[in-house]
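Colleague: Chains as they are written, first to last, in the working numbering: chain A, 1 to 246; chain B, 1 to 267.
Read the hints as simulated data drawn from the structure, not as lab findings.
C-beta: ideal position from N, C-alpha, C; glycine also.
One thing to keep in mind: the hints can contain errors.
Pair ranges (Cβ atoms, derived) [as the list claims (entries may be wrong)]:
id : chain 1 : residue 1 : chain 2 : residue 2 : range
1  : B       : LEU10     : A       : GLN127    : 55 to 61 Å
2  : A       : GLY29     : B       : GLY230    : 24 to 30 Å
3  : A       : GLN133    : B       : LEU13     : 56 to 62 Å
4  : B       : ARG123    : A       : ARG2      : 39 to 45 Å
5  : A       : SER65     : B       : LEU13     : 16 to 22 Å
Residue-level listing of the chains:
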Amino acid sequence: MRLRDKVAAVTGAGQGIGQAIALTLAREGAPVVVSDLDLRLAEQTARRIEATGGQAVALKVDVTSHQDAQVLIEKVAESFGKLDILVNNAGIYPSSPIAKIREEEWDLVMAVNLKGVFLCSQAAVRQMMTYGQGVIVNITSVDAKMRTTGNAHYAAAKAGVISFTRTLACEMAPHGIRVNAVSPGWIGTETLLENSDRWQQAIEEIPVGRLGKPEDVAEAVLYLVSDVASYITGEVLDVNGGMVMD
Amino acid sequence: MSASMRLSDLPLLKGIDLQDKVAIVTGAGSGIGKATAHVLAQAGCHIVIGEIVPESGEATAREIEENGRSAIAIAMDVAIRSDAQHLAEAAIEQFGAIDILANVAGLYPSVLVAEMSEEEWDRVYDVNIKGVFNCCQAVIPIMTAKRSGKIVNIASVDGMQPGIMPGRSGYGNSHYCSSKGAVITFTKCLAAEMAPYGVNVNAVSPGWVATERALSGGRFEEGLKHVPLGRGAQPEEVGQIVLFLVSGAASFMTGENLVFSGGCVMD
Numbered sequence: 001m002r003l004r005d006k007v008a009a010v011t012g013a014g015q016g017i018g019q020a021i022a023l024t025l026a027r028e029g030a031p032v033v034v035s036d037l038d039l040r041l042a043e044q045t046a047r048r049i050e051a052t053g054g055q056a057v058a059l060k061v062d063v064t065s066h067q068d069a070q071v072l073i074e075k076v077a078e079s080f081g082k083l084d085i086l087v088n089n090a091g092i093y094p095s096s097p098i099a100k101i102r103e104e105e106w107d108l109v110m111a112v113n114l115k116g117v118f119l120c121s122q123a124a125v126r127q128m129m130t131y132g133q134g135v136i137v138n139i140t141s142v143d144a145k146m147r148t149t150g151n152a153h154y155a156a157a158k159a160g161v162i163s164f165t166r167t168l169a170c171e172m173a174p175h176g177i178r179v180n181a182v183s184p185g186w187i188g189t190e191t192l193l194e195n196s197d198r199w200q201q202a203i204e205e206i207p208v209g210r211l212g213k214p215e216d217v218a219e220a221v222l223y224l225v226s227d228v229a230s231y232i233t234g235e236v237l238d239v240n241g242g243m244v245m246d
Numbered sequence: 001m002s003a004s005m006r007l008s009d010l011p012l013l014k015g016i017d018l019q020d021k022v023a024i025v026t027g028a029g030s031g032i033g034k035a036t037a038h039v040l041a042q043a044g045c046h047i048v049i050g051e052i053v054p055e056s057g058e059a060t061a062r063e064i065e066e067n068g069r070s071a072i073a074i075a076m077d078v079a080i081r082s083d084a085q086h087l088a089e090a091a092i093e094q095f096g097a098i099d100i101l102a103n104v105a106g107l108y109p110s111v112l113v114a115e116m117s118e119e120e121w122d123r124v125y126d127v128n129i130k131g132v133f134n135c136c137q138a139v140i141p142i143m144t145a146k147r148s149g150k151i152v153n154i155a156s157v158d159g160m161q162p163g164i165m166p167g168r169s170g171y172g173n174s175h176y177c178s179s180k181g182a183v184i185t186f187t188k189c190l191a192a193e194m195a196p197y198g199v200n201v202n203a204v205s206p207g208w209v210a211t212e213r214a215l216s217g218g219r220f221e222e223g224l225k226h227v228p229l230g231r232g233a234q235p236e237e238v239g240q241i242v243l244f245l246v247s248g249a250a251s252f253m254t255g256e257n258l259v260f261s262g263g264c265v266m267d
């Protein structure tokens with residue numbers, strides 16, 4: 001039980017990587033506020049946590065909303081007390097070549113993937129600073145580091161998450177708060193497998209020869225939020241089967 | 001097999017010749033933008049200035065004309081898509097082509113995350129990364145139709161690693177840093193998408209540059225302590241790197257982020 005009684009909030013935890021993260025943190029003893037744009041999915045995750053003896057509450061959160069970010073932090077306090085861990089996982093990844101990206105799509109991708117990280121982190125650190133401790137993990141993407149075609153807005157937003165992670169880590173270090181990121185490669189979530197016909201080709205380019213599992217990412221998050229990682233801040237931990245090494 | 005170029009064919013040895021190329025430069029009313037406009041003009045380009053402060057854009061255009069080159073200034077905000085469209089249209093109307101786009105317009109205010117307003121976050125993002133997207137999208141149809149073009153985006157070493165000021169909790173530029181990180185990756189994506197059309201897209205990541213704005217910020221001297229070469233860059237030196245990237249000498253370079261920091265960041 002590496003996280004006994006450490007309270008966690010996870011965004012986008014209704015499915016995929018976010019769900020795996022919530023389940024993993026709960027497995028290690030953390031009470032979790034499971035948030036998602038889809039309340040029904042968040043509730044499903046929360047019920048799975050309770051079924052295995054963990055503690056969870058579900059909340060509908062739109063990370064692009066300043067008020068929702070506030071409500072998330074308040075819900076943590078109300079349900080479980082002091083916020084110890086925030087995982088900014090909510091993200092969307094539509095696909096359009098740059099010449100065709102409509103302004104609305106650009107704005108939405110930036111808002112969910114990058115501004116959402118800012119809004120939730122800001123709400124969280126204002127709390128964490130009063131305690132002089134806390135950890136934040138932001139989920140970025142291998143796409144932030146490599147040339148890709150067809151998702152420049154997503155890639156740019158995820159690169160922004162990396163830079164934001166590093167800057168926030170600098171600002172928060174004197175307050176005892178660590179800020180890191182995990183950069184997943186191609187992870188075999190339902191959403192990916194449904195929407196992408198590129199995954200078969202992708203495996204050819206992955207040294208370990210398989211797509212990642214959501215649990216692979218969740219274990220990396222677990223490591224970064226644990227006390228054993230107390231000397232690590234401003235780091236981006238790649239979990240991509242060797243697809244990009246830097 | 002040995003295939004080599006003749007020395008006399010090497011562009012930098014021949015001299016960079018951008019005679020009559022049309023270059024759009026945003027943020028050219030001051031600092032790096034202004035210096036870039038002057039450098040490209042000296043190399044023979046017709047310059048189209050996009051600048052939010054009309055008087056300063058016009059002043060740069062006048063200076064270029066006084067030096068015997070041609071330039072027009074368009075008052076515009078890169079964050080506004082129709083302004084970016086209009087900028088591209090003005091270039092075509094005045095000079096008949098768009099060969100080069102240098103996205104220089106940018107903001108770098110200072111406020112810690114815990115204290116930052118949503119409006120400030122939005123404004124920095126709108127200018128620094130959405131503005132790049134807007135202007136690139138405005139010129140893409142012209143460059144792809146012509147199957148040639150050069151785009152250079154000014155990013156920053158701050159987009160790679162934030163500066164760590166001793167004893168303090170950072171420069172308070174998380175919005176700036178993250179917008180510049182986004183510019184670097186956007187550059188790579190655009191480079192990949194435009195490569196089939198013969199359009200080069202690169203970024204320059206300067207470190208400390210001795211612009212008026214940077215020098216008046218109160219941190220320049222402290223910052224120089226972290227620069228191995230012991231000085232800031234002159235804005236014209238950054239302009240010279242842009243010149244290199246848009247010249248024939250760099251025609252095999254695309255998707256690159258060229259760090260220009262006096263050794264401050266080595267990556």
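Colleague: Hint by hint, note whether the structure agrees.
Modeller: Each hint tested on the structure:
Remark: the range hint 55 to 61 Å for B:LEU10 to A:GLN127 is upheld by a beta-carbon distance near 60 Å. Separation of A:GLY29 from B:GLY230 is about 52 Å and departs from the stated range, judged on CB atoms against 24 to 30 Å. For the pair A:GLN133 and B:LEU13, the beta carbons lie near 60 Å from each other, so the given range of 56 to 62 Å is met. In this structure the hint that B:ARG123 and A:ARG2 lie 39 to 45 Å apart at CB holds, the actual value being about 41 Å.
Between A:SER65 and B:LEU13 the beta carbons are some 58 Å apart, a value that contradicts the proposed interval 16 to 22 Å.
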